[in-house]
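Asker: Letter by letter, the chains look like this.
2 protein chains.
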Amino acid sequence: MEHRTISSAVIRRLPRYYRYLGELRESGVKRISSRELSERMKVTASQIRQDLNNFGGFGQQGYGYNVDTLFHEIAAILGIDHEHNVIIIGAGNLGQALVNSGDFAKRGFNIIAIFDNNAELAGKKVGNIKISMISQMADFIKKNNVDIVAITVPRQAANEVAKIAIDAGARGIWNFAHTDISVPEDVVVENVHLSESIMRLSYKLKEKK
Amino acid sequence: MEHRTISSAVIRRLPRYYRYLGELRESGVKRISSRELSERMKVTASQIRQDLNNFGGFGQQGYGYNVDTLFHEIAAILGIDHEHNVIIIGAGNLGQALVNSGDFAKRGFNIIAIFDNNAELAGKKVGNIKISMISQMADFIKKNNVDIVAITVPRQAANEVAKIAIDAGARGIWNFAHTDISVPEDVVVENVHLSESIMRLSYKLKEKK
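In the order they appear, the protein sequences are chains A and B. Going by this note's numbering, the first sequence opens with residue 1, and the numbers climb by one from there. Going by this note's numbering, the second sequence opens with residue 1, and the numbers climb by one from there.
There's no promise every hint is true.
[Stated by the list, open to error] Below, in silico cross-link-like pairs of lysine-lysine (DSBU-like), each with a Cα-Cα straight-line distance of 35 Å or less:
#, chain 1, residue 1, chain 2, residue 2
1, B, 143, A, 208
2, A, 106, B, 30
3, A, 206, B, 163
4, A, 42, A, 142
5, B, 206, A, 142
6, A, 142, B, 125
7, A, 143, B, 206
8, A, 124, B, 125
9, B, 125, B, 142
10, B, 204, A, 163
11, A, 124, A, 106
12, B, 208, A, 42
13, B, 106, B, 130
14, A, 143, A, 106
15, B, 130, A, 163
16, B, 30, A, 204
17, A, 130, A, 142
18, A, 204, B, 130
19, A, 163, A, 124
[To be verified] Chain B side only, calculated, beta carbon under 10 Å to chain A, not exhaustive:
#, residue
20, 73
21, 79
22, 80
23, 95
24, 104
25, 106
26, 107
27, 164
28, 178
29, 194
30, 196
[Unchecked claim] Which bits of chain A does chain B cover? Going by a derived footprint, with three or more residues having C-beta under 8 Å, they are:
#, region
31, 71-80
32, 128-136
33, 159-167
34, 174-181
In case anyone wonders, no lab produced these hints; they're calculated from the structure. Even glycine gets a Cβ: it sits at the ideal position worked out from N, Cα and C.
With the sequences and hints as input, model every part of the structure.
Answerer: Right under this line is the structure:
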């Protein structure tokens, strides 16, 4: 596929297309029209055609989209056509929730280790994974081709553990701590700021009244 | 304050302004220029001026912004100038993580109950809160002025529990289940789809290479 620039708004929507297409595939659906997809996803058919035209326009008049082709195409764009090694820093409830969710492995994000600095947790298990100490983390990252580091430690510690992970070679930071992480040019960050999310919900509630 | 329409992009950024202004207040800072705020937040000063002009333009040439005024103004826009009663459905790791985080109460989101359908959990505590059964939920929502319902159950159960909550009067759904929730016109939803978030991170990683 030639490389096109896709707007960040489209990128934000792609995982949702991927989810719906995955569900269609699992139900054995082979092809779907933009109208049918529009009814399921509750967005306009013209939005769907515009979005999907961004990367090739597989839709054919009178045929619709080939579900399987589109599913794999979106996977390639999102970089999830191959597996990723993921580690979690912070073995609290949130870190444990990430390890215990089957959703990530299903999409090729393999959580292979979890680290904490509480010595009492050393060797205890979360799911099938033994908790390791943060002092062992840099070595682990170097040896295990770790792509993505999820940070679920308190915000005061977040930049410090991120720096250790980045210095050891990690290039993707998935930040759950309620602070901004400073990273070098070649490192990317995706934030999950839950208290910002609940504030947006509060705003929507206020506007609806 | 007169009612203005604020773009959704600005609304998305407001919680981050709120966080930085909160930190400035806690450090005793009384006023700040757009240039200083720009350096801290790593966005351009002109972006900051544009964003904040949306709701009154308190910035004064040679003085800057009054931190306290701006903080309260943003709180009012976000609807967090008053408290919200929040309940959690699903007492798994993620539900427990939400209860145990102090971040929400600090911003006026009071988590007052947690519900599950596993009878073995009845009466057990998460933090200071006893786990209740989902069969008790509708009654609780009616009696306790519940604003916001966080859904952390498996996706197969998400729409069912959402319907119970909405029928009982809840108007804000904070959805962590990896599915779309169908709601009536007067109900709002904010989604936290973690597997979509990690896919966006994967995309950013791929683009950076």
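Asker: Can the restraint linking residue 42(A) and residue 142(A) be considered satisfied, given a maximum Cα separation of 35 Å?
Answerer: violated (44 Å)
Asker: Measure nothing beyond the straight line between the CA atoms of residue 143(A) and residue 206(B); if it is 35 Å or shorter, mark the hint as holding.
Answerer: holds (21 Å)
Asker: Can the hint on residue 95(B) be confirmed by a CB-to-CB distance to chain A that is less than 10 Å?
Answerer: holds (9 Å)
Asker: Mind checking the CB of residue 80(B) against every CB in chain A and telling me if the closest is under 10 Å?
Answerer: holds (5 Å)
Asker: Under the criterion that the straight-line Cα-Cα distance not exceed 35 Å, is the pair residue 204(B), residue 163(A) satisfied?
Answerer: holds (19 Å)
Asker: Can the restraint linking residue 204(A) and residue 130(B) be considered satisfied, given a maximum Cα separation of 35 Å?
Answerer: Measuring from Cα to Cα gives roughly 29 Å; hence the hint holds.
Asker: Quickly compare the C-alpha distance for residue 208(B) and residue 42(A) to 35 Å and report which way the hint goes.
Answerer: holds (32 Å)
Asker: Was the hint right that residue 164(B) lines chain A, CB cutoff 10 Å?
Answerer: At about 19 Å, which exceeds the 10 Å cut-off, the nearest Cβ of chain A leaves the hint on residue 164(B) violated.
Asker: Below or equal to 35 Å on CA atoms is what counts here, so check residue 124(A) against residue 125(B).
Answerer: holds (22 Å)
Asker: Tell me if chain B covers the region 71-80 of chain A under the three-residue, 8 Å CB rule, please?
Answerer: Contact hint for the region 71-80 of chain A vs chain B: holds, 4 residues under 8 Å.
Asker: Does the structure keep residue 142(A) and residue 125(B) at a Cα separation of 35 Å or less?
Answerer: violated (40 Å)
Asker: Tell me if the interface restraint on residue 196(B) is satisfied: Cβ within less than 10 Å of some Cβ in chain A.
Answerer: Since chain A brings a Cβ to about 4 Å from residue 196(B), closer than 10 Å, the hint holds.
The structure fails hints 2, 4, 6, 15, 20, 27, 32 and 33 (numbered hints given earlier, in ascending order).
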